[in-house]
Structure formats: C-alpha cells, structure tokens
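> Take a look at the letters that make up each chain.
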Amino acid sequence: MHLRRFILFCAVAFSSFAQQPDLAKLPPAVRKNVDFARDVQPILSNRCYSCHGPDRQENKLRWDTKSSAFNGGTSGGAIVPGKSEQSRMIHLVAGLEKNLVMPKKGERLSSNEIGILRAWIDRGANWPDELAEPKLKDKTDWWSFKPALRPALPKVKNRKWARNEIDLFVLAKLEEQKLAPSPEADRRTLIRRLSFDLTGLPPTPGDVQQFARDRNPKAYEELVERLLASPQYGERWARHWLDVVHYGETHGYDKDQPRPNAWPYRDYVIRSFNEDKPYARFVQEQLAGDRLFPGTRDGFEALGFISAGPWDFIGHAEVPESKMDGKVARHLDRDDMVATTIQTFNSLTVQCAQCHNHKFDPIAQEDYYSLQAVFAAVDRADEKYDFDPAVAGKRKGLTERQTSLAAHKKELDEKIVARAGKPLLDLDAQISALAKAAKRSDAMGYHSAIEKGQGITKWVQVDLGHKVPLATIVLHPCKDDFNGIGEGFGFPVRFKVEMSDDAAFKEGVTMVGDYTREDVENPKLKAKSLDVAGGTARFIRVTATKLAPRQNDYIFALAELNAITADGTNAALGAAVSALDSIEAPVRWQKVNLTDGWQPGASVSDSSELASLRKKREQLLTQATQADENTALGEIDRDLATVKGELAKLPAQNTVYVGAVHTGSGAFAGTGANGGKPRSIYVLNRGSVQMPGKEVGPGSLSCLPGLPSRFELPPNHVEGDRRSALAQWLTRNENPLTWRSIVNRVWQYHFGHGIVETPNDFGRMGGVPTHPELLDWLAVEFRDGGQSLKKLHRLIVTSATYRQSSASVPAFEKVDSENRYLWRANRRKLEAEAIRDAVLLVSGKLDPKMGGPSFKDFVVDKPEHSPHYEYHLHDPEDPKSHRRSVYRFIVRSQQQPFMTTLDCADPSMQVGRRNESLSPLQALAMMNNSLMLTMSKHFAAKVDQQNGDLPGKVRAAYFEAIGRPPSAEDAKVLTLYARQFGLTNTCRVLFNLNEFSFVD
Amino acid sequence: MKNDSPFHRIAPPAQAQTRREFLWRSGGGLGGIALASLLGGEGLLAAAARAAESNGGLHLPHHRPRAKRVIQMFMGGAASHLDLFDYKPDLMKRDGQKSDFGEHVEAFQDGLGPWMKPVWPFKPYGQSGKMLGETVSELGKVVDEMAFIHNLVGKTGVHSQATYLQATGFQLPGFPGMGSWVSYGLGSMNENLPTFVVLPDHRGFASNGPKNWDSAFLPGQHAGTMIYPGQENPITDLFPGKAGGFVSAQSETAAHQVIAKLNRGHAATREGDARLDARIRSYELAARMQLAAPEAMDISNEPDYLLDLYGIKKNPPTWPKEINAGEEMDYFGRKCIVARRLIERGVRFVQIWSGNDNGFPRRNWDSHEDILRDHGPLSMGFARGATALIQDLKQRGLLEDTIILWTTEFGRMPSSQGGKGRDHNPYVFTNWLCGGGIKGGVTSGESDEWGYKPQDRNTPTTVYDIHATMLHLLGIDHEKLTFRHNGIDRRLTDVHGQVLKGILA
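First to last, the sequence lines map onto chains A and B.
The working numbering puts the first sequence at residues 1 to 1000.
The working numbering puts the second sequence at residues 10001 to 10505.
A couple of the hints might just be wrong.
Claimed, not checked - Pair by pair, the computed Cβ-Cβ distance ranges are:
id	chain 1	residue 1	chain 2	residue 2	range
1	B	Lys10420	A	Thr655	40 to 48 angstroms
2	A	Ala533	B	Lys10098	54 to 62 angstroms
3	B	Thr10459	A	Thr403	58 to 66 angstroms
4	B	Ala10260	A	Glu221	38 to 46 angstroms
5	A	Asp519	B	Lys10098	42 to 50 angstroms
6	B	Lys10420	A	Asp519	29 to 37 angstroms
Simulated from the structure, these hints should not be mistaken for laboratory data.
Idealized CB from N, CA, C, for every residue including glycine.
With the hints as constraints, model all of the structure from the sequences given.
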C-alpha cells in the first residue's frame, strides 16, 4: 500500500510539475470536518459518476469504487492522499489544466465543493472500507421491498364515521392532517358511481329510481352484490387488466398483421374476474398454466399474457437468429415478456437493468438476464388446445401411444434395414441422387381463369373414383413469385370444401369446412387440414367465393389436394380433376397438377424411374423382414391406424395466440426443432447483442428477503419448468410486491389514484404510499383471505371513504388539493370505453353478447401485405359493432381514432394509469364522430316512442343520459332547443354535456 | 418566450403535479383555461416557470432559442444517400466490379452484388460547390442554405425499428414522436390549430403508421394530428359526416350555446374542478378550429407563380398508372405549401411523409429492385417541393426561425442488388437540415470511400445528435426535457446525444 502510494505520488507529482499548474488559483480546503459518506460521496456521485461510475468508465476510471478511485484510470492516479494540491483530481476540477476541465459536461464544481474534496484528501482521503464497493444492497432499504406485515388498526377520534377497517386507516391520516371526511353522497350519485366503477355502464333510470326510494337499510350492500355478480363486472375489470398487459390484436411494427386468435385470452381474463379466481392462480396460469394446470382450458388460454404485447414480425419472419438484426429482434421480444411480467405483477421497471445494474433499484443486470432465461425457449405463436380436459387427456394418451408405436416401428425398421445391408444402401444412394436432380417441380398446381372482380365464385373438384372413407382433406397452397406474391399464391380469401357422391354437388353434400363468412388469413405455405372424421365420399369440391388478389385482378389457385384415409394414404393421388375453368398452361399450371403428389416444399413426384427403384427397395426390405417382424409390423400399422382414427374422432381443437415453443421453418424457426430447448442467454454488455458476457440460467430478482433469486432446476428440466418456477416465485407469500401491487391497482381504479401513485413502479423513481399501513393491511388481508378480488371490491366500496360526496371544501383544498388523503370522493372523467358503452346503452343499441372473436369497426384495405385499417369506411349502423368496447378488435399501428382521442390505452405500452386529457379534438370527436351521430338518432327514436309530449320526452332522454331528472331551467332550455331542431339534435347535445362524461 | 396557449395546455401533463397545482389553483375561480390566457402577465409567467422547475427542470426555454418551429420531411422506405447527396467518385470508377468491403457484411437481403455507381450524374452547385445528384439538382438553388451530415449511423436494417428510431428515438413502439416532445416542451403558438401536424403520404402510411407521431406516454394533446388537405374531413371528425345529415348551421350554433349554458350551470355547483371549465373551453376552441383548419389548407388563393414554383398543377391531369415525376411533384408540393401555411398560422411542428408501406406497386424509397424507377420520380418530387418551400420561407422571413430536417430510415448499399436496386444500409446514411440557426453550405461528417460506413468509424453521428441539435436550436437542453413514465425519466434522446456544433450558424 505504501509503495503504491509512493509510485502514484511520483507519477502525479511529475505530471503536475511538467504542466506547472498555478496552485495559487486553488480554492482553499474547507475547515469543517469532512465525512466521506456525508460530504464527499455525494459530490462524486452527482458530478463524476455519469462518466466515471457504474455505467460508464471513461479512461477506465470510476469514482464509485475505492480501488479504482485510488488506482486511477488510464492516465494514472488522481488522488495523492494527504496532498490535495498534488492531486490531479483537484487540478482538473479547479481548471488548472489548460485543455481539460472536469466535469466535462455541466457546471463547474463550486469553490466549496473543491474545498470539501481538498479537505478530504489533505486529511488522508479516508474512504471507509464498508463503502469500498457500490452497495446494491442499500437500495433494498425501500418500502416496497420490505415484508408485508399486518399492521395494527389505528386509533381514531371520530369512530362512528368508520364503517370498516379501511376507514380507520383513512380517518387516522385525515385527523393527523387536520382534515375531515365529507358527508355521504346521495343515492343517485352513489348508484351512478358504483355502476360505472363495477360494470363500466350507467344505471338505468328505473334502477336509479328504485334505489333512490329503497327503504331497505341494506339496499346499498345489495346493490353492490348485484353489480359484482353481473357478468358486466368481468368485462369492466378485464379491460383494466388488458391495459396493464398491453393486449392487442395485431403485431404492431411494420406491416402490422392481425392476430385473429388473440381473443381467447381476453375472454379468459373476463371469465377469471367473473369467477373470482384466487389471484395466485390467476398469476400462475398466465405464466405457466400449461405446466401447472395441464389439460385445462384456462391454463392454456391464459398464456396469451406472454404474447399480449407487440411483436416485430419482419424482424422474426425475414431475419434469422443467426443475423444481428435477428438477434436484436428476439432480444427485444424477450425484453417485452420480462418487462411485462415484472411490471404487471411486481410493479418494478426491471427493463432498466438491461444495459447495467438498475440505477435506482436493487436490480442487478444479471437478474434481468436471468428473467430473460425464463422465456428463452418461448416465442409468440398460434397454438392448438382442447376446451375439455377429458378430451385433452384422451388426446395426450393417444399421442403418446402414437409416439411409442412409431418408436417401436422405427426400431424394427432399423433392424430390417441393417439386415438388408449394402445393396439397400446403394439403392438409397441412387434414389437420393435421382430425387435431388429433380428437386424442384415445375408443375405448380391448378390455376383458375383470371378475373377482374374478387367476388366471383370458382370451383375445382377431385374424383376419387369410388366412395372412400376419409380422415382428413388437406389443401396445399401454391408458391409463385409473380408480382412478388410468393407463398400462398392464389389461395382464396374465402372458400368452402364439400364432399358428395354427386359429381354435380346437387345432392347429399357434406360441408367439410366453411370459410365463406370471413376473410381467411393467407396461410402462406401452411397446408390447410380439414377434419372429415370418417366421412365417406367420392367427390371433393373446393369452392372459392372470394378470389385471391394477383395484380389488379383475381384468381384461385391450389398446388395440391390430399384426401387422407384412416391409414394415412392419399386417396386423391392421381385422381381425376375437373373445374369450372382453368388457365391450362402446362407444365406449370394444369388441373392434373392438383393431384400429382407434389406441392411446394414437398419432395418430387415419382418419375417412372424413381418409382421402379422404390419398388425394388420395397422388395429388398420384404426379403430382409422375418416373419415375426412382419406380423409385428402389421400389428403396429393396424394400431397406428386405429389411434389415428380415434384422434380424428376427437372434437376439433381450438387455437389461441400465446407465448409458447414455436416450431417453424425459414427465418422464424423457433426452438421447436430443438425440442423446445431454451436458447442460451448471456448478460449483454451495455445491452448489446454484439457483446455477450456471462451465460445465465433462469431466475428472478435478488432483492427480496427470503426469496431465492436463482431457480434450482434439474439439468433435464423442460422449458415450462422455468416459467412455473417464476410463477411460483411471484406468488409466494414472501413476495410483498405481488400483493401490494394488485391491491394498489384495484384501489386506484376505485378512487382515481392509487395509495401509491405509480401503479407500475414501486421503485425509487415511483411514488411512496400515502397510507403505507393501509396498503399493507389490504395486501395481507387479500393474500391471506382467499385472494378474492370481489371481496376486496366489497371491502372498498362499502367503506365510508368510498361513499363520500365529491363536493369540494375550499379550506381543505388549500391543504390537500390533490385529495391524496381522501377527504372527499374524486370526480371521475369516464374512460373511452365507458363513454362508448354508455352511448350505445342509452341509445338502446348495446348488444350484450359476451365473448368470441372481436368486432371490427374498420374495413381492411390491402390485407395481403400491409393491411390498411380504414376506420372511416366502417358503417356505424353495423350491429356487429354495437358490442361492448372490450370486444373491439385492437389494432396497434392505426389505433381507433375516436377511442384514442378519448385517451384509451395504447396497446404498445403498459398502461397502469391512463392519461386524462381534454382537447378540442375530443370535443370534435364527441360532436361529430359517426358513431355519436348515429347513436343520437337511435337515442332520439327510442325516446320518441314513449308516450307523452315533447317536454316529457326531453326529460326522459335527460334522465337516461345523465342519471337524474333535469332542473326546471335546463329542461326549459333543452325543450326549446328540441322544438326548434328536433330530438336527434337534442340527444346529440345530451351526449356532449360535461355531466355525461363525468361521474360525481 | 413560453407561449402557453389555451389550445395547447388544456390539460397539463398528468405527472406535473406541482405545475398543475399552480395552474389550476392560483387562478381562483377562473379555472385553468382562463388562467392560461392570463399567462402573458410577467408575474404569472415567472411563477409558472418556478413551479415547473421543481418538476424536473421543465423550465423552458433552457437558453435563447434560434428557431421556433420545425418542418420534418421523412422519406419512408430508406432513401439512397449515394444516388442523391453523397458523392463518391471511387464508386463511379469501380462501377460493375466485384464488391469488396474488406470485411464481412451482413446484408439485409442479398444486396452484395458488384459496386454500383450512382444512377444519376453529380454536379457542383452553389457557392459551396456541393455535389448533388441530377434528380435533386433543383436543391442546387438553395444548397448554400443547407447543412449535410453524411456519417449518420443507424442501429438496424429492419424498416419498422429504423423508422421508430428516427421518428421517436427508440427502436420499439411506445415512445412519443419528436414533434410530440417539442409540443410538450414548448407548447403552442396559436389557439386555432393543433401544435403538431402530420401530412402523411396520401397513398398510405410508412412502417408503423401513426405510431410514429403518437404521444405515447405524453398527454394526448401532444400527438401529431393528421391532416389530409383536400379531403371532405381533412382532420378526423372536424365536421359531421354523412351520419350527421340532421345537423344544420343553425342547430350547430344553438347546440354550442345550449351545451355551454348547461355545462356552466353544472360547473357552478361543482367549484374547484378546473377540468369542467377546461371542457367548456374545449368546445369553443373546437368551433374555432372548424374555421381555421380549412382556411389553413385552402391554397386556392395562392398565386400561380408560387403554385408553379412548388410544382403544383392547378388542374392536375389524370396521372398515369406508373410512378412519375409530375405526380410526385404535385402531391409533395401541395404538402409543402400547406406546411408553409400551417407554420405561418402558428403550428409548431409539421411532419411531411414521402412513401407508403411496402405494398405493390412500390410507392416508397425501398428500392431493392430499381433505384431509377422509384428514386427518380420520388426524389424529383420532394426536391421540387422542398426547394420551393425553402425559397418561399426565406422570402417571407420565416426561414430564419424555422428548422427544416430531411431524414429517412437508413441508407442503401454501394453494391447492387439484382442489377438495378440497392439493399438496406443501416451503417451509414445522410440527413440534411436548413433554416433556423443552421449554418448553410456545410457538410459535417463524411462517409467512407464507398459510402458504406462512416469515414471515421469512431465518431459517427446518431439520430440522438440530430434530435439534440434540433432541440438545442429550439432553446431546449435535450437532457432536461424529461417525462417520468413507469418509473423512468424518459427523454427524446434516451441517454445519448450531443449537439452538432459544426452545423450551427
């Protein structure tokens, strides 16, 4: 140590001498006692760390670690303990060197700051060893990381005001602040507030009147129960959840392709809220439902959580993982999964630890990449699953049987092949060479005549020669680079597949697959497989009802049609083909190509030479097969056929877009081909895929006491075990973040702001709880009391706190203008969905149908490449679009303008709390949007049907829209307006009143 | 300098508690809006600034601004620096020879064919003698106003991510557009029009569509408002459409009166809630925008010589199906002249897009197949409109405090793709700026001999530097314009960015 200091001294002294700094200019050392932690470290961290600290180490120097500070960077040591006037650090901050002043950016250090540094160095530069390294652990000294314990109930003065425990906590704070609660709101206000809060819909005038008159002392509690039990409750609260997980139904990014199978996740969330699923199970299902609750529908659909966010389609589909851009795309993809998981369930910004340890929170960079390792095998993809656990179980059993039979067969085959020896090997080589030579078939497929219109119907059909029992019919799309279309060339946008014994398809027609009602996404080269389940027929017909676009014209083309029987043979091979029309341009395009046994991606059709070689091969194998083997093989084939047949008899599977192991080809291969083996995950230096560091295994945050951060999984674990481990880690009692996070979210949606103002960030950059004891009491009560969200709602909305009036008290405004202490209720501006749904309901047009595919309030133009989502072309009279807004098809790139103007959540980012704005564009949307105008008409028509005079109708309309009768003066003004401009214009006015958009 | 027009600041940033406190409370019964119009008063302004300062330094401007407004031109699909602006004599000499980059190159597609010289000849222009490709030679008239940056580097060759990066400073969705940041930082200069206006390509959106000008986590009023000049409803829902046949001029006026009256009565019994007053005011402003927006877009009174300067045909012919220069000039010129009219009327930030998505036939700059076919008409179109705009602004004295920024996703390769096209080049490309506070006739940062990577690979220019420079000229320190979202103090420039001193006047 002494020697090093000496050398350091020499080096620094020499360089100082060489530059001859004017020491007289140095500000003097301060006289007061200087403490490193109190006085010096803050200067270093505020003024030096940004270039010489945890994130950047310019000249390899950092001021946050003792060793680096004393050893110096590439230009030598900077501190000479005891001698500040010889320390280069002091020269540089004092500006003694001509060309270099520190800090380079920002203001110069003050004389006092320099004086502090000098005093510290002069007195020996004492840097306590316990502060030698930057302490990540210190960052855990923060409210959110501490265990959640049930606090004692506080003592209050005004005890008779309190209705439940919540009120005690709230009142204690109010009394502490010399504030007082507001009186209870009137019943009309309460029912409107409750209805919007719990169901997102306004109460009907009948409900309002009945509740206002109800003498039952439990009327309020009964109303709460009725609303919590209504299915609209789940729809309302699912929408909040979908904000947080940034659920959307297109990929976003370039081309913004739709996700037609995302909606089952949305329905899962609605169902889970309505069923009041225990929260831990809700969390676990969304991360690892397939592993923890195998065979259940919820366990599968819930995985839509992982895939909810945006996805870079081009970055995956066009760029393989071997390229940098491909690596970046996949890194960003996992980043979204990790950030979504931790932000949603634990309200932390773990994604900040991507390039370096989190600046403010105790999250190490390694924690972040351990979380990436949890999702390392997963991509976003459409997956098939069974609704019914019994079916899922049966399918699983059959598939396993199939696998074991196939393995047995393989074993026998290998024995026989080995016995056949060299002659077989020679033959195989011949066959393979021949096959290679003719690798690409030019016989593309069947191609209809070219049409100028898309709506023209065309058909092509196959004659199997006789009645054949079938298992499946498979359609193979074409590939032709004409006009750059490529894969899926000519595949019809709408079509149907039928079977019949009548060549004219007039009698005994069985529908095999009907896709004529909705546009089908182009399958590219993916074969379309249709279950026939034992149906028998001679003719199969494919009818296109909406043709595929080509180049300002439209066609219907198919590469191949297979008619697969129970034993797996293709009965359509070589079958006769007829069609309404065909361009018949051999070799490429002709009808017979439809059954020639070749489609893009398949091996070559058998030429005669190949066929004879293959025949010879068969003979060789037959000779090499022993009798018992022959019997066994026969049995296996029979069993396989039986299994296949039984599989075919199972109900068709459903499809949902989830986070799962993806098996693909081309650039977007996924990990399926490796059996779902997780990709290797490295700590990326500065977050760059070009600078991988240490490899990490699966784990999570390391800052929670009592929760191990790395998952100890056996070496042979499957990828799902990683997700299960994370799901369990999140839902452990010891994880205080999970429980605080959810109760805070629920609180926020009831009161307008949370106990913690930042629902997605409980770290140091986030808020601190206004009522920390209440937050912990709620968290523990919720966690240990069955984790029922409905119970939590009940507790909150039956409190006296919730029932207060929203009227202001000027004296209290001065103390707490934000109403953080809840001395009154907060007047709430309705969200986009609540406004839209209320407009539909009030107009008598709301379709209450629940679940299923989303309605589209746009027309898609140019779907084949980059779909244009044209909202202005949508017909607002379309009843399909009159469903609740939670069922709206959510496009990421082109968001719905009306909803967006009204501040609806952006599906590209996690929205814990919506922005609330007011703008002229909102006024224009409320006045002029075609939905508003259309519903004004329906609203007026509905009111007009009632008996009575115009003033009566105006009063009725007002009550419907606002939830109370109008004042005499307002009624007069509105009636006068209605007389002059009619009821429709009057209804439009009602929709635009402030009171329509605000809830007291 | 802070112009806190009521149009802009109806709802202050949700997170700016202190500021909101101040704005909404200190006005007594007036409410936020009435208060905001009082903000011209010196005392209030200073107090507002003080209040804002305690909220993360939103004390603006940070220094004396050189410019007040921005017009950004964005070339969707990635415009070739090599064929338009970045003169490479070596590439001309080696045309057709096997390309050799001296290192492994990761091409986006298969664009590593032989070296390919610029499709058009280059000639020097102006006092500065800047070399320009023939199709943008129109810009030669104003080239001495322009500063070129030839050593910009991107981070990705994927269109979507690259577009996001240039438009929002981040590679992924969920971040505000540059104009949204400027709107958030500086506010509006007018009461009748939006602060940030976007003129999309009339044929469709480039990658990411409206997400490129979204307000993301910033309050909604900072989102870019799309304007389609010449359409029935040039701004969404500006007027009642077909469904509003029952609305007449008289019913509309009376409706506004009834709404205002009832809303005032409602607010009177709910004192202390400035949002209710703000919403009343928003209807007044909406009515004003209905008058102001069509007027701003109406070019029928522009003189013929000026229309001609912009390349606009007074009575456009039926354009041929194939892409052609006349049509491109007409459409781009119309956007440019409307941009000028918007700027004149106090719009702060205008973004003009050239090029739509990657559909067929190609109508963007992603010339994998044929530079000549697509870049030719597109560049002639934008060069005509941009030149006219610069001249027009200068003549009106507006150029001195209006920044024009020309940008694109990334560059294109010096090697050929399929004989006539060029593949993506995220490793180097060109931007240019001119106007408010920009030094004209200079070039800052060169690309290497091929235009493949920066000449000095250690000191490239990034989009963060461009954004930092632009904010600097507007009086904003890019490190101080922040907004806390989900626990992170977000900036347009993330954690990067240095002001490009070399191009400042």
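> Against the range 29 to 37 angstroms, how does the distance between the Cβ atoms of Lys10420/B and Asp519/A compare: consistent or not?
35 angstroms, holds
> So does Ala10260/B sit 38 to 46 angstroms from Glu221/A, Cβ to Cβ?
40 angstroms, holds
> In this structure, is the beta-carbon distance linking Lys10420/B and Thr655/A contained in 40 to 48 angstroms?
42 angstroms, holds
> Hint says 54 to 62 angstroms; check whether the CB-CB distance for Ala533/A and Lys10098/B agrees.
59 angstroms, holds
> Tell me if the beta carbons of Thr10459/B and Thr403/A are separated by a distance inside 58 to 66 angstroms.
59 angstroms, holds
> Take a look at whether the Cβ-Cβ distance between Asp519/A and Lys10098/B falls inside 42 to 50 angstroms.
Given about 47 angstroms between the Cβ atoms, the range holds.
Violated hints are absent here; each numbered hint is respected by the structure.
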